[in-house]
Amino acid sequence: MRVFWSLLRRDLLLAMRRRTEVLTGLFFMVIVASLFPLAIGPEMDFLRRMAPGILWIGALLSSLLSLTRLFEADYLDGSLEQLVLLPSNLALNVTAKMAAHWLLSGLPLVVLAPLLGLQFDLGVDLLLSLMLTLLIGTPILTALGAIGAALTLGVRGGSVLLSLLVLPLMVPVLVFGAGALEAQMGGLGIEAHVSILLAMMLGSLALSPFACAMAIKLSVE
Amino acid sequence: MNIHWFYYAAPQNFFRLSTTLWPWCAAAAGVLALLGLWLGLVVAPIDAQQGEGYRIIFVHVPVSWMSMVIYLAMGFWSVMGLTFKTRLSGMMTQALAPTGAIFAALSLLTGALWGKPMWGTWWVWDARLTSELILFFLYVGFIALTSAIDDVKRAERAGALISIVGCINVPIIYFSVKWWNTLHQGASVSLTQSPSMARLMLWAMLLMAMSLWAYTLAIVFYRVRCLILQRERDSRWLKGWFEQEHLALVAGR
Chain A
1 MRVFWSLLRR DLLLAMRRRT EVLTGLFFMV IVASLFPLAI GPEMDFLRRM APGILWIGAL
61 LSSLLSLTRL FEADYLDGSL EQLVLLPSNL ALNVTAKMAA HWLLSGLPLV VLAPLLGLQF
121 DLGVDLLLSL MLTLLIGTPI LTALGAIGAA LTLGVRGGSV LLSLLVLPLM VPVLVFGAGA
181 LEAQMGGLGI EAHVSILLAM MLGSLALSPF ACAMAIKLSV E
Chain B
1 MNIHWFYYAA PQNFFRLSTT LWPWCAAAAG VLALLGLWLG LVVAPIDAQQ GEGYRIIFVH
61 VPVSWMSMVI YLAMGFWSVM GLTFKTRLSG MMTQALAPTG AIFAALSLLT GALWGKPMWG
121 TWWVWDARLT SELILFFLYV GFIALTSAID DVKRAERAGA LISIVGCINV PIIYFSVKWW
181 NTLHQGASVS LTQSPSMARL MLWAMLLMAM SLWAYTLAIV FYRVRCLILQ RERDSRWLKG
241 WFEQEHLALV AGR
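Protein sequences appear in the order of chains A and B. Letter by letter, the first sequence follows residues 1 to 221 of our numbering. Letter by letter, the second sequence follows residues 1 to 253 of our numbering.
Misleading hints may appear alongside valid ones.
With a cut-off of at most 25 angstroms between alpha-carbon atoms, the simulated SDA-like pairs for lysine to any residue come out as follows [to be verified]: (1) B:K153 with A:D74; (2) B:K85 with A:L90; (3) B:K178 with A:N89; (4) B:K153 with A:M201; (5) A:K217 with B:L238; (6) B:K85 with A:L167; (7) B:K153 with A:M50; (8) A:K217 with B:K85; (9) B:K153 with A:L207; (10) B:K178 with A:K217; (11) B:K153 with A:G187; (12) B:K178 with A:V194; (13) A:K217 with B:A148; (14) A:K217 with B:T121; (15) B:K85 with A:M50; (16) B:K178 with A:M201; (17) B:K153 with A:L161; (18) B:K153 with A:T68; (19) B:K178 with A:V22; (20) B:K153 with A:E81; (21) B:K85 with A:D74; (22) A:K217 with B:I164; (23) B:K178 with A:M50.
Quick caveat, the hints were computed from the structure, so don't treat them as lab data. None of the values given here were measured: they were computed from a predicted structure.
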């Protein structure tokens with residue numbers, strides 16, 4: 001467990017020393033969300049209906065953008081190899097890296113989302129649900145994406161390949177994340193969607209570290 | 001009785017097996033396809049509601065079945081490969097993938113061709129169509145990943161990992177898309193409420209399905225054969241095999 005915390009601290013510290021990398025992902029999300037009204041027109045009724053989908057797709061793309069960096073730097077400077085050689089459990093260490101990634105890319109999105117939601121004229125209750133679903137959904141994106149990121153380490157055209165591999169797997173998150181807001185707009189509750197999202201989060205968090213550890217061993221060999 | 005479960009897991013033994021089996025499977029596929037198409041296109045009567053257009057189901061349904069079965073088979077061989085570290089499993093997974101991708105694409109294509117005259121549209125965001133599309137994406141992802149990695153062993157194991165992850169995800173994707181669809185709108189068209197099929201049509205469809213099974217076996221045997229030739233080209237047994245073949249050829253002449 002000590003390795004877990006020190007890894008987490010190390011990754012956060014590294015990110016704090018290079019803040020632009022974290023901020024680019026966030027600004028990417030802001031720009032994507034601001035481009036949609038320009039492309040489809042400024043009618044508020046229409047935008048309000050599109051908002052859940054747009055914001056969720058923005059979150060998806062922005063987390064994908066940062067996923068390429070999840071193991072890349074460590075892979076290039078060899079510290080990933082050292083991580084594999086550590087006597088402690090690799091799956092746990094990978095979880096630490098995933099947690100750091102979520103804190104740096106997922107959590108800021110959750111905080112930022114209501115601001116973007118205001119652009120689309122969402123009400124307070126909808127903004128809260130948006131934050132809630134993103135809070136549950138973004139860890140799933142990190143967990144699934146980490147497998148893809150580990151598999152594509154050092155592979156030709158890795159980042160494009162990563163999106164090809166990972167995006168189809170993220171469909172359920174998109175469906176239930178955006179679906180929760182749509183259900184709320186339609187006067188239904190969001191409990192069903194949130195429960196399923198929670199189930200997917202627990203499932204992916206439980207299984208993904210092992211797949212991820214396996215993939216990392218493959219790429220380091 | 002003593003069964004050698006892993007006898008054919010050795011490329012050397014499987015090579016012999018596939019060399020003998022693939023022509024038979026191909027022939028069976030051809031005969032069954034001719035029979036099935038004859039039953040389906042000539043003998044089967046015109047459908048009361050759908051006219052002649054319904055006949056595309058004799059291709060569409062078997063192709064869709066196979067596209068799903070092949071993904072499961074890939075998952076199966078991936079598990080085998082990761083647990084038993086048999087060399088053949090990785091080759092099987094790789095040999096299956098292109099066929100599965102083609103079947104998924106064909107299923108989408110024939111579905112669209114059928115949908116236009118029947119539903120009046122090429123595409124609806126129905127749960128089955130959408131999940132078939134995502135299945136196609138999964139196949140493409142697998143092929144892209146394995147062909148991007150040069151090291152054979154790493155490519156195989158990475159492919160195995162991603163197809164297992166895919167196999168776990170396929171049911172989740174299917175149900176999520178299904179519930180998403182019912183939330184958005186009542187399904188305007190349902191594939192399940194078609195009238196029960198005449199026995200003749202069912203037979204034609206089953207024959208076509210069997211033909212595609214045989215075709216898949218033939219093409220997979222053939223592809224695995226090529227993969228073995230490629231990967232074992234420096235091995236002694238393969239050189240011995242070539243010499244034998246050569247001798248047999250000369251003797252036959």
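Against the structure, the hints come out as follows:
1. Using a Cα cut-off of 25 angstroms, the hinted pair B:K153 and A:D74 holds, with the two alpha carbons roughly 23 angstroms apart.
2. The suggested pairing of B:K85 with A:L90 holds, with an alpha-carbon distance near 21 angstroms, which does not exceed 25 angstroms.
3. Proximity of B:K178 to A:N89 is assessed by CA-CA distance (about 38 angstroms); at most 25 angstroms being required, the pair is judged violated.
4. The straight-line distance between the Cα atoms of B:K153 and A:M201 is roughly 32 angstroms, outside the 25 angstroms bound, and the hint therefore fails.
5. With a C-alpha separation of about 32 angstroms, the suggested pairing of A:K217 with B:L238 is violated against the 25 angstroms cut-off.
6. Between B:K85 and A:L167 the alpha-carbon distance is near 29 angstroms, which puts this suggested pair outside the 25 angstroms criterion.
7. Restraint check: the Cα-Cα separation between B:K153 and A:M50 comes to about 45 angstroms, which exceeds 25 angstroms; the hinted pair is violated.
8. The suggested pairing of A:K217 with B:K85 holds, with an alpha-carbon distance near 15 angstroms, which does not exceed 25 angstroms.
9. Pair hint B:K153 plus A:L207 holds up; C-alpha atoms about 23 angstroms apart against a cutoff of 25 angstroms.
10. Among the hinted pairs, B:K178 with A:K217 is inconsistent with the structure: their alpha-carbon atoms are about 36 angstroms apart, more than 25 angstroms.
11. Restraint check: the Cα-Cα separation between B:K153 and A:G187 comes to about 53 angstroms, which exceeds 25 angstroms; the hinted pair is violated.
12. About 17 angstroms separates the Cα atoms of B:K178 and A:V194, which keeps this hinted pair within 25 angstroms; it holds.
13. Restraint check: the Cα-Cα separation between A:K217 and B:A148 comes to about 18 angstroms, which is no more than 25 angstroms; the hinted pair holds.
14. The suggested pairing of A:K217 with B:T121 is violated, with an alpha-carbon distance near 48 angstroms, which exceeds 25 angstroms.
15. Simply put, B:K85 and A:M50 have alpha-carbon atoms about 48 angstroms apart, too far for the 25 angstroms limit, and the pair is violated.
16. At most 25 angstroms may separate the alpha-carbon atoms for a hinted pair to count; B:K178 and A:M201 meet this at roughly 20 angstroms.
17. In summary, the hint linking B:K153 to A:L161 is supported, as the alpha carbons are separated by about 19 angstroms, within the 25 angstroms threshold.
18. For the proposed pair B:K153 and A:T68, the alpha carbon gap of about 23 angstroms is at most 25 angstroms, so the pair holds.
19. Taken as a hint, the B:K178 and A:V22 pair is broken in the structure, with Cα atoms around 36 angstroms apart against an allowance of 25 angstroms.
20. With a C-alpha separation of about 19 angstroms, the suggested pair B:K153 and A:E81 falls inside the 25 angstroms cut-off, and the hint holds.
21. The hinted pair formed by B:K85 and A:D74 fails the criterion: a straight-line CA distance of about 28 angstroms is larger than 25 angstroms.
22. Pair hint A:K217 plus B:I164 holds up; C-alpha atoms about 17 angstroms apart against a cutoff of 25 angstroms.
23. A hinted pair counts as satisfied when its Cα atoms are at most 25 angstroms apart, and B:K178 with A:M50 qualifies at roughly 20 angstroms.
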